[in-house]
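J.: So you can see what is in the structure, the chains are spelled out below.
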Amino acid sequence: MRYLPLTDTDRQAMLATIGAASVDDLFVDVPEVARLDGPIHGLPMHASEMAVERHMKALAAKNLVAGEVPFFLGAGAYRHHVPASVDTIIQRGEFLTAYTPYQPEIAQGTLQVLFEFQTQVARLYGCAVANASLYDGSTACWEAVAMATRITRRSRAVLSGALHPHYAQVVKTMAHFTGDTIADALPAITPDPELSGLIGRIDEDTACVVVQYPDILGRIADLTPIAEAAHAKGALLVVVNTEPVALGAIKSPGEMGADIVVGEGQSLGVGLQFGGPYLGLFAVRDPKHVRQMPGRLCGETTDAEGKRGFVLTLSTREQHIRREKATSNICTNSGLCALAFTAHMTLLGEKGLRQLAAENHRLACLAADRLAKVPGVKVLNNAFFNEFTLMLGGKPAREIIRDLADRGVLGGVSLGRLYPGVAALEHALLVAVTETTTEEDIERLAHELEASIKETV
Amino acid sequence: MNAPNKSGWKPEMQVAEDGFLGGPVTTTGNRALMLEEPLLFEIGRAEVTGVDLPEVDASAATRLGGLERADAIGLVGLTEPETVRHYTRLSRQNYGIDLGFFPLGSCTMKHNPRLNEKMARLPGFADIHPLAPQNAVQGALEVVHQLGGWLCTLTGMPAVAMSPKAGAHGELCGILAIRAAHEARGDAREVVLVPESAHGTNPATAAFANYRVEDIPATPEGRVDVAALKARLGPDVAAVMITNPNTCGLFEKDFREIADAVHAAGGYVYCDGANFNAIVGKVRPGDLGVDAMHINLHKTFSTPHGGGGPGSGPVVLSEALAPYAPLPFIRQNEGGEFYLVEEENREERGPSFGRMTAFHGQMGMFTRALTYMLSHGADGLKQVAEDAVLNANYILRSMEDILHAPFASSGPCMHEALFGDKDFTEGLSTLDVAKGLIDEGYHPMTVYFPLVVHGAMLVEPTETESKAAIDQFITAFRSVVTRALEGDEALKQAPYYAPRRRLDETAAARKPKLAYEG
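Taken in order, these protein sequences are the chains called A and B. First residue of the first sequence: 1, per my numbering; consecutive thereafter. First residue of the second sequence: 1, per my numbering; consecutive thereafter.
It is possible that some hints are incorrect.
Said to hold, decoys possible - If you want the footprint, here are the derived chain A segments under chain B, 3+ residues with CB under 8 Å:
(1) 17-27
(2) 151-162
(3) 168-181
(4) 224-236
(5) 346-356
(6) 434-448
Unchecked claim - Once the Cα atoms are required to be at most 30 Å apart in a straight line, the calculated DSSO-like pairs of lysine-lysine come out as:
(7) A:325 x B:382
(8) B:492 x A:288
(9) A:373 x A:62
(10) B:118 x A:307
(11) B:492 x A:57
(12) A:373 x A:395
(13) A:57 x B:118
(14) A:307 x B:382
(15) A:172 x A:288
In case anyone wonders, no lab produced these hints; they're calculated from the structure. Every residue gets a Cβ at the ideal spot worked out from N, C-alpha and C, and that includes glycine.
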């Protein structure tokens, strides 16, 4: 067995040192009834690299690979080109096979990366401080709500109807158990986000209002009025971003008055990976809120010789010190994904991120214009970044999506799948366009979409 | 000071009076292969990029609703060669399993097979979207289904929730299922019992789910005090959370008896499966009366720790808790097609407590873990547990003559050996031993955990070390411990040879500097 270095001779010598006759003697505390007598039934026996590779490749071959077809899916997970050097960096064994940096003298690599990551995220979000990452955008969203309830000592959160429904579900799942009240809504299907209704739902008991930017329908709006309305009632504004590339083109949530900004960082460096692992981003605009933040934080300090170095800090917020009084139960973060994000962001820099954002937007505008010409298709959005909503005639969007997949086009995300039972959204299709989309892809989608809609008429 | 001392520790470099390293000062601050590296923000520039993209056409029409980001973001870029060098140099200031022995107790730093990495990167797994039409991702759903099925087989449990993103998230999943099960029968319970030796995540998780946490004491032999636990059971106790094997490295031999008592009192048994690697293929937790247990794929099934995540924490569930499992989950229809049960499948979702993360879980970790399971097979996994336990007992018995091993007389340990600082010279501590081991070229063991042992040192060798590597570690560990016992003051300044000397954590917390300013 290629991963087990002990030989039988070693094992015998070690048992002699221990004073045990056999390995089974070491399992003497396991009650006899619970011991298995041989290799467990139901699993195959060990296999060679070649055999395992064959098995896994056969499974992989059953999936339609995004990069091999015209591809337009988004809704919280975006396909971007990741430079080749990002993967070689994250495969450095010193990063890949390290642990949480509990011994900072021999973990400066990870720690400095986290410090750079925190700085990049804070600046991208227009915030003062970002943490060292959480699991993903949806769990970061709940952590933001929980943090707002701690800060305001209120227990009601108002969710925008245009918050990603999976994020809203996560918040509602958690709130059910913590006893917090969640006021959610369905999205108004309008060309611009409907802010006045949201503002009207903020009251004196509201801990926070949660808004997605760009929202689940791809729309964008100035959030300053919501920030002002929330602050006037003593509530915090939580802004959720699922596409960090957008912030290379549009104003940061921080500059519009967001108090807590959270999001999904998967777009940069991480890849689609069928939904995970992803990268939860979490930042606060006002440094006074730092001590209420969840998750790991890396801070600068000096060593005994006065050299600059980095450590995990403010750990008195965390479970391994505070136990049941911790700000969160989170232990691990998403370290390697944070490294991938940071390496990708370093390659882009200010200039590259702005170029990337502009290219995404240019192609998205092109796609919106082309698709608007398909009979039976309307573009809902006035403004958008790289994702917009189409209202389709004919069959429900869900059926059209399956139809398109059979024609070799991954045409978008059906909003009917995200909002089951909401009749108004059954014919809505969310289309994302990135720098990986070609003009031929757009033409192909337009063509197949037209054909699919026609078939039903 | 540079003369060999009684313990045989021989610093070969000149050490000055003040305890710091001598030798000529270099112009760069580098010491040959030990290279200093500035922060990205000190070397990057706003106008530099390492990616070739079209120039921005400022005259192009936009549909950004007048929200253009006008001000500088404050990011900097590097070209590809500079980026690769920057992060390669940083990587060399890190200790990883690839570099050496990493006996961090409870964390299971075993070898990460590279085949796992290769398989996870197959485009058929890495380049598929979580919301792709399900007819386009049958292979991915099959991976999750197959892995989940094997986790059930290995644990003897009937159901599994695959979406939790890490161990602590898995704990939350199990505790929420317990809360939902009690709620469903109108049985409001407020208390979760947690042994004092538990991981900090256990009480934090229970509190996060709005339970009151009460400690259960340990016996002098390092196991849960069964009598105290039984005495506390009652109609207000929702669950007990027990780690097995426990954090003292011992198997909870009365687990079945505890589980039966908890069940009789109407509660559920949560098992923290962080240490499942000690018993995989040897014992099925389902046979011990467990209702919910998370499995850290990054521990037992070798997915990389990545400098602190991503992890993955599937949770196996008993018949009683299975109906409450989170969305989404995977089923197979009569035609053999796999499908996801989500919010819209109103009948099939049953009383599920809902969604705890946006998508389906850590697919990238599932492919790695499945690759590992296939590589080892049923026979290999059993050998994994046996070798892990053998290695830990070998270390325990090779150290107990000089180092306080509080539970050495409680019988064999499982996959980790626990020591304390009882006989150290006044002024020397477990931390000093840890830092001394760094100079010897090792990542230290877990220190000051579990809390039930003073100055705890928890050593977990794992099964992927050779006897020669373990023997060399024992020699070094004995030497450093001897220095602590004999009062070698030099140990207080260790490490001498790491990229940094001891770091001032107090200053970092007092005036937090959490982002680059400038």
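J.: Are any of the numbered hints broken by this structure? If so, which, sorted upward?
T.: 2, 4, 6, 7, 8, 9, 10, 11 and 14
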